[in-house]
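**Student:** Residue numbers (my numbering), protein chains in the order written: chain V, 1 to 254; chain D, 1 to 375; chain A, 1 to 439; chain G, 1 to 288.
Calculated from the structure, these hints are not laboratory results.
Some hints could be false.
Taking lysine-lysine pairs in the DSS-like style, the calculated list, with each CA pair at most 27 Å apart, reads [said to hold, decoys possible]:
| # | chain 1 | residue 1 | chain 2 | residue 2 |
| --- | --- | --- | --- | --- |
| 1 | D | K336 | G | K77 |
| 2 | D | K339 | A | K86 |
| 3 | G | K208 | A | K86 |
| 4 | V | K115 | A | K117 |
| 5 | A | K223 | A | K253 |
| 6 | V | K156 | D | K83 |
| 7 | A | K86 | G | K140 |
| 8 | A | K117 | D | K336 |
| 9 | A | K6 | A | K435 |
| 10 | D | K83 | A | K358 |
| 11 | A | K308 | A | K282 |
| 12 | G | K234 | A | K86 |
| 13 | G | K208 | V | K68 |
| 14 | V | K153 | V | K41 |
| 15 | G | K22 | G | K77 |
| 16 | V | K115 | A | K369 |
| 17 | V | K41 | G | K208 |
| 18 | A | K107 | G | K254 |
| 19 | V | K182 | G | K99 |
Simulated restraints on C-beta separations [stated by the list, open to error]:
| # | chain 1 | residue 1 | chain 2 | residue 2 | range |
| --- | --- | --- | --- | --- | --- |
| 20 | D | N298 | G | E46 | 51 to 57 Å |
| 21 | G | K254 | D | I61 | 45 to 51 Å |
| 22 | A | R267 | D | K83 | 42 to 48 Å |
| 23 | A | L310 | D | V271 | 45 to 51 Å |
| 24 | D | K336 | G | Q166 | 35 to 41 Å |
| 25 | D | E212 | A | W328 | 56 to 62 Å |
| 26 | G | S204 | A | D13 | 40 to 46 Å |
| 27 | D | K336 | A | Q27 | 35 to 41 Å |
| 28 | A | D188 | D | L140 | 34 to 40 Å |
| 29 | A | E323 | D | V271 | 30 to 36 Å |
| 30 | G | P95 | V | D44 | 54 to 60 Å |
| 31 | G | E255 | V | L36 | 34 to 40 Å |
| 32 | A | L310 | D | P129 | 35 to 41 Å |
| 33 | G | G257 | A | D254 | 56 to 62 Å |
Keep in mind that this is a model prediction, so the values were computed, not measured.
Here a beta-carbon is modelled for each residue, glycine too, at the ideal position from N, C-alpha and C.
Chain by chain, the residues:
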Amino acid sequence: MITAGIDMGAQVVKVVVLNDGQVLARSMVSTGFEPLEAAQKALDEAIKNAGISRDDIKSIVATGAGRKAVTFADKALTEVTANAKGTTYLLPSVRTIVDIGAEEARGISCDAEGKVLDFAKNDKCAAGAGAFVESMARALELKVPEMIELSLKSTKEAPINATCAVFAESEVVSLIHAKVEKADIAHAIHDAIASRVSSMVRRIPVEKDVALIGGVANNAAIVDVMKKHLEVDIVVPENPQFVSALGAALSAAS
Amino acid sequence: MSVIEKFQEVSANRHQYAKDWKEQTGGKVTGWLCTYSPVELIYAAGMLPVRILGTHEVQDITDRYLFPTVCPFSRDALAQGLKGRYDYLDGLTMTRTCSHVQGTFDNWRNYVPVPFIHYTWFPCHRESPRAIPCLREELLELKQAIENFTGKTVSDEDLDKAIELYNTNRKLMRQVYEFRKSDDPPITGAEAMEMVVASQLMDVVEHNKLLEELVAELPNKKLDRDTGLRLMMVGSEMDDIVFVRMLEELGCTVVIDEHCTGSRYFWDDIVPQEDRLAAIAGRYVTRWPCPAVSSEFNDRSDRIIQHAKNWDAQGVLLYQQKFCDPHEFDIPMLQKMFKEHDIPTLVLEFDVTIPFGQFRTRIEAFLEIAEIEVF
Amino acid sequence: MTTHVKYKTKPLDCWQWGKELRLEAYQDLVAGYEQGKLMVLGCAASPYGMLAGLGDFVFLAGEPYGASIAADPPFSIPCMEAYEAKGYSRDMCGYMRNFLGSMYLDKYYFTGGPFPKFDFAWSVRHCPAGHPKWHQIVSEYQGIPMNYIDDETMLSADGDPQHRLDYVAGQYLDSIEWMEKVTGRTFDDEKAIEAMRNYFRNEALWGEICLINGAVPAPLDIKSMFALMPISMLRRHEKVATQFLETLRDEMKDRIANQIAAVPTERYRMTMLTPPPWSFLKIFRYLENFGVVFIGTYVYLINSGEVKFLLDEGKAVPATVPEKRPGWPQIKNREDLCRTVARWRAEHPFQSHLDTRKKEYVILFRHWKGDAYLLLLNRGCVPMTTNMYDFQRDLQGHGIPVAMFEGNFADCRDIDETGVLDRLEAFLEGQGIHKLPGL
Amino acid sequence: MTTEYFRWTECAWKDPDKDWRKAETLVGGIDVGSVSSQAAVFTDGELYCYSNTRTGSSSPDSARKALNMALEGTGIKEGDIQYVVGTGYGRVNIPMSNKAITEIACHARGANFMGGPSIRTILDMGGQDLKGIHCDERGKVTQFLMNDKCAAGTGRGMEVMAELLQVPIIEVGEMSLDVPEEPPPVSSTCVIFAKSEAIGLLRSGWTKNMVFAAYCSAMAHRVVGLLERIGIEKDFTITGGISKNIGVTSRLLKELGVESIPLEPDPQIAGAFGAALFARDLLLKSRK
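Input sequences plus hints: build the corresponding full structure.
**Tutor:** Shown next, in the form of structure tokens:
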């Protein structure tokens with residue numbers, strides 16, 4: 001049976017089209033301010049890539065912050081459940097999932113079937129993850145990939161404590177003006193996020209294997225510091241930003 | 001090595017110091033969490049009382065135990081326990097004071113094993129005549145608990161000796177503070193803080209020896225820097241030496257303080273009396289109050305303004321651990337009080353680590369108010 | 001009618017009477033003020049019935065007043081801001097910030113008129129330092145005398161040391177003399193004893209009512225609990241409260257016998273530990289769409305009521321009034337009264353030690369036949385939130401599902417409503433509980 | 001790099017009818033802020049030229065860039081300037097500066113110069129923090145207050161909004177006033193939550209203008225809260241980037257019920273002006 005999962009993220013809509021567990025196509029469209037249109041556009045794109053017709057899709061499940069906007073979906077599912085389903089499908093041994101998005105981070109503990117046992121989300125004042133990296137890269141006049149690369153070369157610790165991402169920004173600005181090495185600042189930025197996220201994740205039992213998903217999971221520097229903070233190895237599935245959409249597509253099939 | 005350097009060394013290697021002390025004396029070490037802990041009683045039992053302090057490192061391990069609105073000091077302190085840095089402790093004591101440190105104690109009690117744990121309930125209604133007799137009984141319980149643990153009875157002689165030693169310690173530290181009244185104080189605020197922090201970590205006998213040396217050398221000591229603005233520091237727990245150094249580099253000298261790693265800790269003596277425990281109880285009930293215990297604002301503020309005047313403070317840094325509500329209650333009243341006395345104040349809020357860039361700007365601007373006279 | 005309706009329901013017969021009594025309580029606060037009754041400021045969980053010894057009095061408890069304001073953001077936000085303008089910080093007690101803000105604005109919530117001037121403040125030292133310092137701010141601002149009792153003896157942790165009781169009882173005796181001095185009135189022991197007997201009785205009754213609600217389906221839901229609580233919280237010292245609470249209890253028994261539910265779609269029972277975020281009560285309504293019903297919250301069981309936890313048997317039973325407890329004296333005079341109050345306070349679950357409290361949470365949950373706990377990470381109250389994660393782990397250790405959300409019981413600005421609802425939906429999804437069809 | 005809506009446009013100005021060579025004193029002030037940098041050069045206590053540029057990832061470079069831009073076409077070489085005072089976040093490492101003074105002192109001095117000696121209260125809304133400043137008739141700071149606890153309401157929030165809605169920050173204010181009726185303020189001034197709230201509002205059909213209006217009034221309200229803590233003594237004026245956002249200023253002046261003294265030529269330049277004025281004082285002092 002062919003199903004589709006639509007993940008209505010804060011910044012991008014992600015779609016996965018599935019046929020009996022086989023991914024037929026993926027698509028990504030910026031969410032913008034017309035979520036329904038964006039969802040439609042993303043779905044059409046995926047259908048085109050998959051070389052199928054709309055009617056071939058038997059069921060559609062929407063997830064993500066804007067899931068309720070997808071009026072044509074058969075069902076809506078929260079990211080937490082979708083994350084767990086998608087991740088355990090790709091990596092059955094995973095028991096702890098860390099999902100870092102643009103603004104929010106999540107920690108999920110689940111069983112082998114992908115049933116959510118417990119989850120935690122960042123506190124009000126500890127929000128800001130992916131978007132923080134981007135604006136800080138700009139402050140350093142670097143492209144995000146450059147900043148990631150530099151960060152991995154860092155040699156010195158330059159702690160940024162502020163829980164609040166905005167205060168953290170001004171600490172970064174101070175570091176810049178204090179002539180701290182760009183590499184060390186880049187590292188400090190990733191470290192600050194990892195520290196914020198792992199302190200939240202520690203509230204749920206952190207059992208192996210631990211997976212990192214969400215757009216930020218593509219950031220090698222984050223993965224690196226998260227390993228240090230959580231003191232465990234971390235696996236990253238392919239296309240980590242599509243995990244939620246995949247989970248939605250899977251639950252559409254069941 | 002100078003006396004101050006010795007203090008620095010002890011505080012830098014506090015854990016090694018305590019372990020060595022156990023080695024050499026074969027005695028036991030008891031950690032305490034708040035300056036309302038009766039150190040003389042612990043010491044009288046042949047134990048080394050060491051204060052549990054944080055390290056001002058960013059950490060991410062306490063959030064699953066304490067909600068982030070618990071003060072950073074309490075979280076930082078708990079982190080030390082959870083990291084196993086106090087694994088050598090034989091005992092842990094806490095006196096009922098504030099709900100934040102209480103959280104540190106409760107979680108330590110439940111998640112960081114320590115052979116001997118005792119909680120001393122404290123009668124916080126210090127203005128009530130009923131408080132001292134009540135605390136006396138609580139101290140008796142503590143004494144008995146310690147005796148059961150060590151298997152050694154604490155005699156009146158032991159108590160007298162400990163009381164004598166700690167009173168001397170307090171007297172000597174007050175003498176050091178006296179020197180800071182001079183126009184060019186021979187000792188910086190950071191150095192004075194090193195002294196007090198060390199007094200909460202060291203064997204009092206050893207600390208007293210060092211203090212005598214210090215008191216002897218201060219009369220002919222000079223700082224190789226201008227005093228700048230004479231600053232007073234008032235607030236909650238503060239042992240961030242790095243911050244105080246930065247502060248003083250910006251053109252001021254901390255000449256007096258009111259916090260629990262400063263004068264509030266050691267200012268009051270024990271007035272000896274036949275009933276030793278009652279004497280100790282009397283000291284702790286009537287001592288210079290922490291706002292977490294005292295509900296009488298004036299009780300504290302009167303002493304603070306006296307300090308400010310006696311040490312001729314030209315500015316006051318009012319600071320608090322983030323989320324420390326007892327101090328958050330007092331700060332606006334203190335601002336009002338200092339305004340009435342024409343002493344400018346600057347308020348800073350401390351987290352585990354501090355944003356040096358932002359604080360630097362605020363402090364410099366504060367000093368400029370007093371100093372820019374190029375018009 | 002949709003198929004998922006499982007039970008019949010009907011409004012409470014005594015609902016109207018309850019509403020009137022609640023209204024009276026608030027009106028008294030105003031009327032008494034106008035009639036020149038003795039105006040006293042204090043804490044909800046203090047034995048304020050003792051004040052009856054001074055004659056007619058109006059007692060304004062700071063917490064419920066702060067809560068009433070919190071439920072009304074357009075009134076609350078200016079209060080918060082007036083308070084912050086005085087240089088106080090945003091992370092202090094939310095109830096207090098509403099209260100003091102309304103004092104600074106000189107706007108009394110229940111009338112919109114001027115804020116009452118008190119004759120004195122009579123405070124109790126719970127939530128470390130908090131209340132007496134709060135009331136001290138009022139006493140400085142209004143220039144009124146203040147006295148407080150430190151009665152947080154936490155005896156349930158470690159037996160019954162006489163000296164702590166002497167200390168507390170002694171403070172009560174002293175404060176009676178103090179009250180006589182500042183009011184110029186003579187303290188009538190009989191009247192005080194009388195009022196405190198009602199007080200004890202009504203606390204036990206409210207506790208019993210909370211326990212009865214453990215039936216399936218629940219005869220009351222948390223919303224009606226919150227609506228009726230003020231009667232036990234503000235009128236605990238009055239006979240009329242006893243009459244009402246007995247009627248309510250009997251009606252509940254009746255509803256149970258006839259399987260009359262508060263929420264006809266009840267299928268998932270949740271309980272709480274703390275007060276709710278008062279500006280966000282719609283959270284309960286919203287969750288009813290999932291068939292979720294809230295049975296009660298620990299804090300108001302012990303804050304305006306009393307029960308007895310039998311820790312070894314893992315049971316919660318109604319409390320007996322002090323004079324009926326084995327080995328407790330009859331209250332004949334002032335000394336007896338103060339000593340009884342001290343001991344009763346000391347053994348009250350209100351002061352349970354952390355480790356005891358954890359056990360009580362589990363016992364209560366089982367008694368209420370709960371399916372999950374909803375814990376509030378309350379930015380508005382440090383003592384209530386300090387160990388919340390520890391509680392969470394402990395409850396989960398007992399196999400109890402726990403949902404958590406961050407907010408503030410008294411400051412609507414601290415709540416991210418969409419985020420919270422999203423979080424709860426995710427939690428219920430994990431529990432296999434979905435929105436009821438047609439809702 | 002894509003368009004940076006959050007940045008202020010760069011500009012430079014010089015006085016055509018002054019000859020700096022005749023000047024007794026030729027001094028400079030450089031303000032390296034978190035987002036923008038300004039340089040000002042004064043001849044005998046009067047403005048000669050200034051520039052307003054963007055801050056890069058190195059304060060020495062930003063400082064030099066600002067100064068060069070100000071000096072362009074004036075014939076002044078860095079070496080000709082007799083005394084330079086640096087201020088702002090980057091003040092500690094501005095290579096050509098003889099002394100560093102905080103932006104708090106400099107903004108007060110600059111506001112006093114531009115707005116006159118009657119100014120007693122200054123609101124400076126920078127990218128990273130919010131300052132309420134009291135000063136005397138000489139522009140000397142007597143008291144100041146900065147935002148603690150929470151970064152809500154700082155200029156950064158406005159930058160985030162401009163980015164989000166892809167509108168140049170200079171246009172935000174005007175747009176926010178062009179609404180059929182004043183919408184309720186966004187409930188959270190927390191930069192991050194306001195952002196997600198704004199996204200929600202836009203998706204629910206609000207126009208960009210209405211979102212800006214809701215955010216500007218929330219921000220104005222937050223600022224009023226800070227000012228109430230320090231108290232407002234007239235005259236009042238506003239410096240820093242936000243002073244150019246009429247959407248915030250008009251709303252906050254309305255709420256405060258005060259007028260704001262306009263600062264010519266540019267309120268964002270107050271810091272650099274103040275620095276330059278201090279530079280002159282220090283120069284004359286050193287000549288004594």
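**Student:** Indicate, hint by hint, whether the structure satisfies it.
**Tutor:** These are the hints, each one checked on the structure:
1. D:K336 to G:K77: violated (51 Å)
2. D:K339 to A:K86: Holds. D:K339 to A:K86 sits at ~14 Å (cutoff 27 Å).
3. G:K208 to A:K86: violated (35 Å)
4. V:K115 to A:K117: Violated, at about 58 Å.
5. A:K223 to A:K253: holds (19 Å)
6. V:K156 to D:K83: The given pair, whose Cα atoms are some 22 Å apart, holds under the 27 Å limit.
7. A:K86 to G:K140: Judged against 27 Å, a Cα distance of about 25 Å means the pair holds.
8. A:K117 to D:K336: Distance ~23 Å between A:K117 and D:K336 Cα, so the pair holds.
9. A:K6 to A:K435: Judged against 27 Å, a Cα distance of about 15 Å means the pair holds.
10. D:K83 to A:K358: Measuring from Cα to Cα gives roughly 25 Å; hence the hint holds.
11. A:K308 to A:K282: With a Cα-Cα distance of about 32 Å, the restraint between A:K308 and A:K282 is violated, given a limit of 27 Å.
12. G:K234 to A:K86: Judged against 27 Å, a Cα distance of about 20 Å means the pair holds.
13. G:K208 to V:K68: Distance of about 22 Å is within 27 Å: holds.
14. V:K153 to V:K41: At roughly 40 Å apart (the allowed maximum being 27 Å), V:K41 and V:K153 break the hint.
15. G:K22 to G:K77: holds (15 Å)
16. V:K115 to A:K369: Measuring from Cα to Cα gives roughly 24 Å; hence the hint holds.
17. V:K41 to G:K208: holds (23 Å)
18. A:K107 to G:K254: Roughly 23 Å between the alpha carbons, so the hint for A:K107 and G:K254 holds.
19. V:K182 to G:K99: Holds, at about 26 Å.
20. D:N298 to G:E46: 51 to 57 Å: Given range 51 to 57 Å: holds, Cβ gap about 54 Å.
21. G:K254 to D:I61: 45 to 51 Å: holds (48 Å)
22. A:R267 to D:K83: 42 to 48 Å: holds (46 Å)
23. A:L310 to D:V271: 45 to 51 Å: holds (47 Å)
24. D:K336 to G:Q166: 35 to 41 Å: Because 47 Å falls outside the window, the suggested range is violated.
25. D:E212 to A:W328: 56 to 62 Å: holds (58 Å)
26. G:S204 to A:D13: 40 to 46 Å: Cβ of G:S204 to Cβ of A:D13: about 43 Å, so the range 40 to 46 Å holds.
27. D:K336 to A:Q27: 35 to 41 Å: Since the Cβ atoms of D:K336 and A:Q27 sit about 37 Å apart, the hinted range of 35 to 41 Å holds.
28. A:D188 to D:L140: 34 to 40 Å: Holds, at about 38 Å.
29. A:E323 to D:V271: 30 to 36 Å: violated (44 Å)
30. G:P95 to V:D44: 54 to 60 Å: Holds, at about 57 Å.
31. G:E255 to V:L36: 34 to 40 Å: holds (38 Å)
32. A:L310 to D:P129: 35 to 41 Å: Since the Cβ atoms of A:L310 and D:P129 sit about 38 Å apart, the hinted range of 35 to 41 Å holds.
33. G:G257 to A:D254: 56 to 62 Å: With a Cβ separation near 60 Å, G:G257 and A:D254 satisfy 56 to 62 Å, so the hint holds.
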